[in-house]
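Asks: Chain by chain, the residues:
Protein chains: 2
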Amino acid sequence: MRQSQLFTKTTKDVAKEEVSKNAQFLLRAGYIHKEMAGAYDLLPLGLMVVEKIKEIVRQEMNKIGGVELIMTALQRKELWEKTDRWDDNMVDVWFKSELVSGNEVGFGWSHEEPMCDMIKNHISSYRDLPVYVYQFQTKMRNEKRAKSGLMRGREFVMKDMYSFNLGKEDHTEFYNGAIEAYKKVFDRVGLGDDTYVTFASGGAFTEFSHEFQTVVETGEDTIYLNQDKSIAINEEVLNDKTLQELGIARNDLQEVKTAEVGNIFNFGTAKSEQLGLYYTDEAGTKTPVWLGSYGIGITRLMGVLVEKFADDRGIVWTNREVAPFDLHLVSLLRENIKAADELYEKLGVAGYDVLYDDRPDARAGQKFADSDLIGIPFRIVVSEKTLDQDSVEFVNRKTKETELVSIKKLEAYLTTHV
Amino acid sequence: MRQSQLFTKTTKDVAKEEVSKNAQFLLRAGYIHKEMAGAYDLLPLGLMVVEKIKEIVRQEMNKIGGVELIMTALQRKELWEKTDRWDDNMVDVWFKSELVSGNEVGFGWSHEEPMCDMIKNHISSYRDLPVYVYQFQTKMRNEKRAKSGLMRGREFVMKDMYSFNLGKEDHTEFYNGAIEAYKKVFDRVGLGDDTYVTFASGGAFTEFSHEFQTVVETGEDTIYLNQDKSIAINEEVLNDKTLQELGIARNDLQEVKTAEVGNIFNFGTAKSEQLGLYYTDEAGTKTPVWLGSYGIGITRLMGVLVEKFADDRGIVWTNREVAPFDLHLVSLLRENIKAADELYEKLGVAGYDVLYDDRPDARAGQKFADSDLIGIPFRIVVSEKTLDQDSVEFVNRKTKETELVSIKKLEAYLTTHV
Chain A
1 MRQSQLFTKT TKDVAKEEVS KNAQFLLRAG YIHKEMAGAY DLLPLGLMVV
51 EKIKEIVRQE MNKIGGVELI MTALQRKELW EKTDRWDDNM VDVWFKSELV
101 SGNEVGFGWS HEEPMCDMIK NHISSYRDLP VYVYQFQTKM RNEKRAKSGL
151 MRGREFVMKD MYSFNLGKED HTEFYNGAIE AYKKVFDRVG LGDDTYVTFA
201 SGGAFTEFSH EFQTVVETGE DTIYLNQDKS IAINEEVLND KTLQELGIAR
251 NDLQEVKTAE VGNIFNFGTA KSEQLGLYYT DEAGTKTPVW LGSYGIGITR
301 LMGVLVEKFA DDRGIVWTNR EVAPFDLHLV SLLRENIKAA DELYEKLGVA
351 GYDVLYDDRP DARAGQKFAD SDLIGIPFRI VVSEKTLDQD SVEFVNRKTK
401 ETELVSIKKL EAYLTTHV
Chain B
1 MRQSQLFTKT TKDVAKEEVS KNAQFLLRAG YIHKEMAGAY DLLPLGLMVV
51 EKIKEIVRQE MNKIGGVELI MTALQRKELW EKTDRWDDNM VDVWFKSELV
101 SGNEVGFGWS HEEPMCDMIK NHISSYRDLP VYVYQFQTKM RNEKRAKSGL
151 MRGREFVMKD MYSFNLGKED HTEFYNGAIE AYKKVFDRVG LGDDTYVTFA
201 SGGAFTEFSH EFQTVVETGE DTIYLNQDKS IAINEEVLND KTLQELGIAR
251 NDLQEVKTAE VGNIFNFGTA KSEQLGLYYT DEAGTKTPVW LGSYGIGITR
301 LMGVLVEKFA DDRGIVWTNR EVAPFDLHLV SLLRENIKAA DELYEKLGVA
351 GYDVLYDDRP DARAGQKFAD SDLIGIPFRI VVSEKTLDQD SVEFVNRKTK
401 ETELVSIKKL EAYLTTHV
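Order-wise, the sequence lines are chains A and B. With our numbering applied, the first sequence covers 1 to 418. With our numbering applied, the second sequence covers 1 to 418.
Next comes chain A alone, as it looks inside the complex:
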């Protein structure tokens, strides 16, 4: 894409109330626009990153048998009353409104209830199970604290998957498979080394749930980590009983600040019983379905990546799987612009998705500052000076290393460096 076609402009000014690093840089670089606290428009660059993260997640969910669909935001009061989750005293993040006809409706903050209710139409026999479904849904949560940019939103994109299994054994097998799939997702976005499967509260249904917590200084959560044993415990379940069960001494745990990037939850058969989700087993017995739910905050993940890896110059995307573009081609040419145009075309043909800074009016300093702020992992600079040597300058955004690469050898160079 030619940068001259990208209408968003970078800016140095951000509203004072934006205290989080991720919101500051994403706003300044033109990835997002703020509608209100916790609700950001995804501008072209922002939408690209979100779609890339979604595609990684989609691939990994499909690999474990997930089928994609999408539920409505509008929610029925009667359904959520069945599980006692309509009342604002039980769930304090509902947005509610009224239909013209007078009935109250809610806006989906989670989707276990409608998902179970929908699936009742398609499950009757043991032969109909298992079913694994997932969606990328815009969730609405009436959050009190929405000061952390994309890390905690009133409106945000979430991947939520739901597993419907015959019994505990099948359920556990899938649940463990989902943990592995989640690890792959966090590896691919570049957070693998600093993301820990963490024991957390299981609520009324199960002893523990599992969170995926990424170490980041500005995180809202605190976990207790034993790196040797690769065990992490959320502070909410850090007690003698848990320590004993996991065979860990309190002294061997290190307190770290984290952001929750995913969570998986075992409902057992409790919610199915509340909602009437049963199947007939081989012996003809009516049996409740085992339910699990599996979330990944897509827009939050984007926020965490910025929060964790940005430097003082701006955003640093970890790799081309999440960056809005593979390469940032920055032309400083004032004459012979055709040389840059040809390079842009050539890189496209070679399969690279390129942002091409072709702006004729912008100065070199502005172009480099914008490029640093936008944070595409690799930059190719073409100038009169580099062309004199039939070369371009290749810059690594993260390490700031630069190398002069001959244009003839550029393609071969990129295959090993990008």
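In case anyone wonders, no lab produced these hints; they're calculated from the structure. Treat the hints with caution; some may be incorrect.
Any copy will do: because identical chains look the same in the list, a pair fits if it lies in one copy or spans two.
[As the list claims (entries may be wrong)] Restricting the straight-line Cα-Cα distance to at most 30 angstroms, the calculated cross-link-like pairs of lysine-lysine (DSSO-like) are:
id : residue 1 : residue 2
1  : K52       : K63
2  : K147      : K82
3  : K77       : K144
4  : K96       : K82
5  : K338      : K184
6  : K346      : K63
7  : K184      : K52
8  : K9        : K21
9  : K96       : K144
10 : K96       : K34
11 : K16       : K77
12 : K34       : K54
13 : K144      : K346
14 : K367      : K408
15 : K9        : K241
16 : K16       : K408
17 : K54       : K9
18 : K63       : K9
19 : K77       : K120
20 : K96       : K63
21 : K82       : K12
22 : K183      : K63
23 : K367      : K52
24 : K34       : K120
Got chain A sorted already, so can you dock chain B onto it with the hints?
Replies: Using the frame of chain A, we list chain B on its own:
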């Protein structure tokens, strides 16, 4: 995709209040699930069709310079008050709720206001224009009448594009280009021959707006059509003044029922002036931006396709660009199942997206009925009988024509028939 992996089941029963053909068939075939009147979950098959229609629209919008982004559903009261569109007496389809902090918020039913407000951050000089942006957004409208399935929703997917131009001339050129792009969209989904650019009310801003109206018996709208001159007029502007301007006699117009599948609207500079969207022209003068908006109801389009082309057996998708799959491979084999598996694999390698009815328990009659109901344009039947002749049966869903095609020649046959 193997049908045994598709958790949705077809059904003969649909709730009595579903009076529209599109909702009946889409529910029965498992494309959608009803949450409440006017709000339907998109199950896997439904999501596939929606994504396919989106991709057609995306391609055509990109061709005319559109850049994709996505705005929030949550809307600020203060912004919409500036154009006098917050008040329920002015706009009667708002869903509104309250933030925990006490401020009222709305849920987006349209996005001109936030789009103009956002773009103010990125436009200052004439050099920054034109800008064309679009989104696929889930709109919320508190509709009184939501009885037509996907044709009129309380929650529905819409493509809305906005044009920002320097002046009337540029604006008109883009506006006319958008009409051509819309024609291409409706051609590609298979509605081109029965969709008419229709003169409609321009509201306070302009004499006429343009609607795209598709002839369909069950449509909610009425237009007056002169097929010879290819002119159509919405009943709301059918008066002597309009007839005179368009040079048409009332007698030459035929009354037809239609569904509105798109509309384009010229705001001139009125909304920019209300919202303070100005640029500095070459002479240094502060000048309001020309605004146009361009909508296509994506989920409605899906409903119209079903409403218009379904027969008594079920849905008939017009072509592979909108159908959930290119081909429906129906295996009646009880033994030698491998032959069908191989065919499935071979068709995939050849580049076809295939739904493979591999269900071991279902009878032939059930499989054919399901296949007719789901409505993939072409069916390939493989049975012991066809294999005896080294052949498969090729069935056209629309015309019901069948032909025995030798497996050896199948690929060549498909390239000319699908």
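Asks: Going back to the hint list, which numbers does this structure go against?
Replies: 5, 13, 15, 16, 20
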